[in-house]
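Chain A is fixed; fit chain B onto it per the hints.
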Amino acid sequence: EAGVAQSPRYKIIEKRQSVAFWCNPISGHATLYWYQQILGQGPKLLIQFQNNGVVDDSQLPKDRFSAERLKGVDSTLKIQPAKLEDSAVYLCASSLGGTVKGAEAFFGQGTRLTVV
Amino acid sequence: GNSVTQMEGPVTLSEEAFLTINCTYTATGYPSLFWYVQYPGEGLQLLLKATKADDKGSNKGFEATYRKETTSFHLEKGSVQVSDSAVYFCALSDPRFNKFYFGSGTKLNVKP
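Chain order of the listed sequences is A and B. Residues in the first sequence are numbered from 1 upward in steps of one, following this note's numbering. Residues in the second sequence are numbered from 117 upward in steps of one, following this note's numbering.
Do not take every clue at face value.
[Unchecked claim] Covered stretches of chain B (in silico footprint by chain A; criterion: 3 or more residues with CB under 8 Å from a CB of chain A, positions within the stretch not fixed):
id, segment
1, 153-163
2, 202-211
3, 214-227
Simulated from the structure, these hints should not be mistaken for laboratory data. All C-beta atoms in this analysis are idealised placements derived from N, C-alpha and C, irrespective of residue type, glycine included.
Chain A with its partners taken away, still in its complex shape:
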């Protein structure tokens, strides 16, 4: 089966510019996650969708970050305006959702963002 697709793989922008990342989850996966991974750290959840509804966005800096999941499939994450501290790898993941015990999260390859 096809995995989680993300684009672009790399992005370099200047501070105060805007950037958008795209994610296509595994077909049939109801739950979609966006994580931020700063170098040397574990993934930090930014936002979790269940179908096209937001389950948790408590750690999303809403003054500059936004995300949507139209029609409960693809998702985009946007940063506007970017700050130097936003330099990180942005990982998208998906899982079956529901109450399937032990359902794993499948990760995309990530987008490495560098803000200069």
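Only chain B this time, still in chain A's reference frame:
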């Protein structure tokens, strides 16, 4: 609340050495436990998992046992290879909300 603590790295071993990476967790409810591996420039890949107490997950020579009494899920491998060099993340999932909690990762370097 839910959290995962794993041993800090980096861990440097010679090829064919025995590997242990410690992981302990705090959880409400009955979590599932996972080990993920991340190779340079890649996303996280599932290595193994366990869904209930005393379950043993295994894959590619790696093993981990879900120990409820010690709230631990230590990763072990009897003989590491250079190709095992990567960052390893311990994680738990809260099935009530389908949320995942990750440790900070342990970098493993295996020398020939």
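Checking against the hints above, which ones are violated? Nothing - there is no hint that the structure violates, so all of them hold.
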